[in-house]
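J.: If you want the building blocks of each chain, they are given just below.
Number of protein chains: 2
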Amino acid sequence: MAEVAFAKGLEGVVAAESSICKIDGEHGKLYYRGYSIQDLAAHSDFEETTFLLLYERLPTKGELEAFRKRMRESRRLATPILDMIRNFPVGAHPMELLQSVISYLSGYVEHKIHHSATCNCRDTLHQIVQLASVVAAYNRYRNGEDYVPPRMDLSHGGNFLYMMRGTEPEPYESRIMDVCLILHAEHGFNASTFTARVVASTMSTCYSSISAAIGALYGTLHGGANEDVMNMIEKIGSKANVEKFVNDTLDRHEKIPGMGHRVYKAKDPRAIVIEELLEELSEKSGDRKNQEILKDVERVFRARMETAGKPIYPNVDFFSGAVYTMLGFPKQLFTPVFAVSRVSGWLAHVLEQRVGNRIYRPTSRYVGPEAAEYIPIDSRR
Amino acid sequence: MAEVAFAKGLEGVVAAESSICKIDGEHGKLYYRGYSIQDLAAHSDFEETTFLLLYERLPTKGELEAFRKRMRESRRLATPILDMIRNFPVGAHPMELLQSVISYLSGYVEHKIHHSATCNCRDTLHQIVQLASVVAAYNRYRNGEDYVPPRMDLSHGGNFLYMMRGTEPEPYESRIMDVCLILHAEHGFNASTFTARVVASTMSTCYSSISAAIGALYGTLHGGANEDVMNMIEKIGSKANVEKFVNDTLDRHEKIPGMGHRVYKAKDPRAIVIEELLEELSEKSGDRKNQEILKDVERVFRARMETAGKPIYPNVDFFSGAVYTMLGFPKQLFTPVFAVSRVSGWLAHVLEQRVGNRIYRPTSRYVGPEAAEYIPIDSRR
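One line per chain: the protein sequences are A and R, in this order.
Per the numbering used here, the first sequence starts with residue 1, numbered consecutively.
Per the numbering used here, the second sequence starts with residue 1, numbered consecutively.
To be clear, the hints were calculated from the coordinates, so they are not data collected in a lab.
Please read all numbers here as calculations on a predicted model, not as lab measurements.
Any given hint could turn out to be false.
[To be verified] Selected chain A positions facing chain R (in silico; Cβ < 10 Å): (1) F6; (2) E11; (3) H93; (4) P171; (5) F194; (6) G215; (7) A216; (8) H222; (9) M326; (10) G328; (11) R361; (12) P369; (13) E370.
[What the hints assert, rightly or not] Which stretches of chain R does chain A cover? Using the computed rule of at least three CB atoms under 8 Å from a CB of chain A, they are: (14) 53 to 66; (15) 233 to 239; (16) 314 to 321.
All C-beta atoms, glycine included, are put in the ideal place defined by N, C-alpha and C.
Same shape as in the complex, but just chain A (with noise of 0.2 Å):
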């Protein structure tokens, strides 16, 4: 052990000042440059919530209309990305397959990003977009299915669905898609924001920054709740079956996957709106099964934490891998589908990094052993 304690994991430890993201933990809040979840969830869409992170403001009309089609230009892939695509190895995951494409695309691009703290990266939303038609691209290969080219009047959750699907989706599908975007766009620092601060702060490509989070991201600490949510849905089967299985869970002091969040100590406000598109896939599509499982499962979670005097709130995690499973998602894309949105919550902190920047640069403490004597191998033990 070491004589002075330090932060491990740097906990606590302020990073960096940044003006993205509130979160209100206390209250349940949560604000993009100001506005609130709820309100982008309302009345936004994913491409203007992405000009919003990324010029700090709402668009007027005329640029909103500029920036979607700028955004929707780049929707279509080149024909070595779906090479890469095609080729990647059945079996292995498709974050590898994203972070090494968006890392491929910087030097892919024609507009070639220079390292400067100058370079106009907001005009770059290139990265942004194909993320989502490199998912679409990689689940029809994996299904056997051909390269479905992008359409340009649908939203950027409707065309990713289209794009995955090859049929149009339905328009309620479209924004639900779309909002489920604008929820994981930004959510402050963690493991892969930081990991897209630390290489921007190199004055390395925003391309290379956002394939590092993206790396980060495919950690198990950091992305997948929601798969383990979906898990616990199938093993759980019905809903006569809840009140056992989360009592048998909970006796065997076994965790509940998507409840608690180390930061809302209210109902995280992404869960509250996600529950509603969850509400609104099962009564149109009159699949209500994974719905009520999860009504059950909160139900008879909380009532138990009551009981003990732990309020425990169900986060957005728990409401999202039912959503993307309605939304014709597999469990693989779920992780996936998460860096399509977070994507522009990055490229938004590359950004601010590289004002007023300075390379990220901690120490350590050497814990090794002292100086010794090379030994010629023929002498070793």
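Chain A is already provided as a structure; the job is to place chain R on it using the hints.
T.: For chain R alone, coordinates are given in the frame of chain A:
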């Protein structure tokens, strides 16, 4: 301005304990796992040094033989990787390609990496070895030449030169290349190593962590100083111009690249070794121009600094560019060659991070706008 100061760039913040590398800046000493860089340069090779970094001790004869075999068996590039290299846009930077390929390999390798603290990444030497092969193949394709399959009888440095040139290097060249790789293999915490650790702390794969680190090394604030030195040599042109160049540069209050080091107050111990390598290369090749210019730049520079009471010494970058140039590397490959070497240190840090891991999750201070009402688009300004 914030009311309370924080450590921008995490300067002076201890982010972890580490037993990999000890830098004694005061006395100009560098140790890997307790062994001095001079001893390793004199007696070890890159494969043995990699074993030392990963296993925390020098190998026995049998262990080293088995380790060499495993490393060498990983040299060959798979067809989809060769396609990625061949298709990579001309004019793009090979660091972007390296970042992409390593992440792609995360899915491609047969020995699938698991997200687990117990996963033995020491078995995944593949990524260490492949970096050299990718850089060599990249350079050949750029020159309109074919991929050269690896030789199993050469050292890591020797095979690297062989795959790049297509002809067997002289034994002294192989040795010099290998020593350069030893010298750059590890240097404690810095932005790229820290990036590797942050990504590893999410329990992402080794490949994803290394790929992210490559993205950080690509930043102009991190790698690239030896390119600046080589540009300076070319600008100076001949020894006769050195005095004027150095004096003019310093009179303009500009920096001489490759001089001084944030950590070393005495001469960078790696600079001492690499200066000897440059001497050997210059003598053997009969080409003394680079060496003469550098020696004279150092002489004039240090005389001026000593007059000003500032003893500043050359660092490793001051000599490495000339060595790489004389070994046949174009300047664009200097930072990729750095990655080919540093990957061993990065992997050692990834392994160390996974023991007693805590995810890196610093906080940020919100300095953005207060909560605002969402304004419908037609009502904006």
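J.: Does each hint fit the structure? Answer for all of them.
T.: Taking the hints in turn, this is what the structure says about them:
no. : hint       : verdict
1   : F6         : holds, 4 Å
2   : E11        : holds, 7 Å
3   : H93        : holds, 6 Å
4   : P171       : violated, 19 Å
5   : F194       : holds, 6 Å
6   : G215       : holds, 4 Å
7   : A216       : holds, 5 Å
8   : H222       : holds, 4 Å
9   : M326       : violated, 27 Å
10  : G328       : violated, 23 Å
11  : R361       : holds, 6 Å
12  : P369       : holds, 4 Å
13  : E370       : holds, 6 Å
14  : 53 to 66   : holds (count 5)
15  : 233 to 239 : violated (count 0)
16  : 314 to 321 : violated (count 0)
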